[in-house]
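Chains A and B supply the protein sequences, listed in that same order.
Going by our numbering, the first residue of the first sequence is number 1, and it counts up by one from there.
Going by our numbering, the first residue of the second sequence is number 1, and it counts up by one from there.
Derived from the structure by calculation, the hints contain no laboratory data.
Just so you know, these numbers come straight off a predicted model, no measurement behind them.
Incorrect hints may have been included.
Derived coverage of chain A by chain B (criterion: at least 3 residues anywhere in the stretch with Cβ under 8 Å from a Cβ of chain B; other residues may be distant) [to be verified]:
no. : region
1   : 84 to 98
2   : 123 to 136
From the derived model, a few chain B residues whose C-beta atoms are all more than 10 Å from chain A [claimed, not checked]:
no. : residue
3   : Glu-19
4   : Pro-22
5   : Leu-42
6   : Leu-46
7   : Leu-47
8   : Ala-94
9   : Arg-95
10  : Lys-120
11  : Ala-121
12  : Arg-129
13  : Leu-130
14  : Ala-165
Far from chain A, by Cβ distances over 12 Å, these chain B residues were calculated [stated by the list, open to error]:
no. : residue
15  : Asp-41
16  : His-44
17  : Arg-69
18  : Gly-81
19  : Thr-82
20  : Ala-101
21  : Glu-107
22  : Ala-110
23  : Arg-155
Note that beta-carbon positions come from the ideal geometry of N, C-alpha and C, so glycine has one too.
2 protein chains.
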Amino acid sequence: MRVLGVDPGLTRCGVGVVEGVPGRPLTMLAVGVVRTPADADLSHRLLAVEQGVEQWLDEHRPEFVAVERVFSQHNVRTVMGTAQASAVAMLCAARRGIPVALHTPSEVKAAVTGSGRADKAQVGAMVTRLLRLAAPPKPADAADALALAICHIWRAPAQNRLQQAVARHTVNPTKGRTA
Amino acid sequence: MRVLGVDPGLTRCGVGVVEGVPGRPLTMLAVGVVRTPADADLSHRLLAVEQGVEQWLDEHRPEFVAVERVFSQHNVRTVMGTAQASAVAMLCAARRGIPVALHTPSEVKAAVTGSGRADKAQVGAMVTRLLRLAAPPKPADAADALALAICHIWRAPAQNRLQQAVARHTVNPTKGRTA
């Protein structure tokens with residue numbers, strides 16, 4: 001199972017590809033960050049996120065995309081941009097018929113560290129260990145993207161197969177009716 | 001000047017096309033709503049919004065897209081979906097090099113009614129009058145989309161020309177660096 005994890009953001013959107021199955025050692029295929037200039041127009045920043053995510057999908061052909069579920073109780077200033085960047089990532093996956101799963105930050109932390117309240121350093125340390133890397137991926141957004149992908153591989157494989165089957169049958173959703 | 005106004009939403013995304021210049025009677029070219037099924041997966045709802053907006057852009061070729069600026073102090077449950085639908089609309093415009101402007105609800109109300117605190121009925125009544133329609137457009141999201149387009153035509157035409165010139169030179173923004 002090959003999963004692209006996306007830690008959404010406008011300034012830094014973490015992306016990481018992990019391959020594996022539950023109960024076997026996991027392999028990191030790639031990790032990085034899609035950046036957009038903070039002084040650009042919002043619509044152009046979203047376009048840059050789209051181009052970045054498209055490039056990752058083209059290069060790594062993931063079977064699933066796991067995106068961090070954004071909550072609005074976070075910092076009010078940044079949460080809108082985060083929600084919008086996540087929308088672009090979900091849209092890119094949906095266009096290709098790739099199933100999208102959303103995982104909350106605490107689900108991700110619990111999956112890789114055993115505690116839903118683990119800090120960034122702990123998540124980074126476990127990602128490094130689980131993927132047998134020489135050093136924790138930087139920046140934290142990149143490590144978080146890998147943690148999302150790992151979380152997705154480990155959570156409910158049966159559910160993933162179901163979701164994949166559903167996605168295959170709903171690649172072309174009902175078009176919005178226009179008048 | 002032809003403007004597509006977008007009142008973003010996942011369940012109902014209002015869309016309306018208005019043509020005109022400040023100081024002259026305005027013309028409504030089309031109005032409608034892009035709907036997505038509430039029981040669909042979020043990624044597929046975003047895809048349906050994209051398909052709907054693309055269809056409106058194809059059919060009406062607007063020179064500007066005016067989108068309601070989303071604030072996070074609104075209803076926490078719906079605001080994330082609204083932000084995500086607005087991201088899709090902005091992205092569709094940016095891909096075509098169409099300048100996107102964001103207007104706040106109070107700017108729109110003030111533009112069409114003279115008061116930033118006008119209610120839905122008042123906005124609907126003024127949209128009906130300004131566009132010389134037989135009846136207020138339904139649902140309210142459709143009327144709001146027309147109000148957004150009117151607001152855009154009336155606000156700072158010089159600024160619009162500048163923005164259009166800038167957009168022409170930044171159709172291909174800096175790609176997100178990927179590692």
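Coverage assertion for the region 123 to 136 of chain A with respect to chain B, Cβ distance below 8 Å, three residues required | violated (count 0)
Non-interface claim for Leu-47 of chain B versus chain A (Cβ beyond 10 Å) = violated, 4 Å
Are there at least three residues in the region 84 to 98 of chain A whose beta carbon sits under 8 Å from a beta carbon of chain B?
-> The restraint on the region 84 to 98 of chain A holds, since 10 of its residues have a Cβ under 8 Å from chain B and three suffice.
Does Glu-107 of chain B sit more than 12 Å from chain A, CB to CB?
-> Nearest chain A Cβ is 16 Å from Glu-107 of chain B, so the label holds.
With 12 Å as the threshold, tell me whether Gly-81 of chain B passes as away from chain A on beta-carbon distances.
-> violated, 9 Å
Beyond 12 Å from each Cβ of chain A, as asserted for Arg-155 of chain B | Arg-155 of chain B is indeed farther than 12 Å from all Cβ atoms of chain A, at 17 Å.
Can we trust that Pro-22 of chain B is non-interface, i.e. its beta-carbon lies farther than 10 Å from all of chain A?
-> holds, 23 Å
Quick one: work out the minimum CB distance from Arg-95 of chain B to chain A and report holds if it exceeds 10 Å, violated otherwise.
-> Check fails; 6 Å does not lie beyond 10 Å.
Can we confirm that no CB of chain A comes within 10 Å of the CB of Leu-130 of chain B?
-> holds, 20 Å
Is the nearest Cβ of chain A still more than 12 Å from the Cβ of Ala-110 of chain B?
-> holds, 22 Å
Measuring Cβ to Cβ, find out whether Asp-41 of chain B lies farther than 12 Å from everything in chain A.
-> violated, 7 Å
Report holds if the minimum CB distance from Glu-19 of chain B to chain A is greater than 10 Å, and violated otherwise.
-> Holds, since 18 Å exceeds 10 Å.
Taken one by one, the earlier hints fail for this structure at numbers 2, 5, 6, 7, 8, 9, 15, 16, 17, 18, 19 and 20, listed in ascending order.
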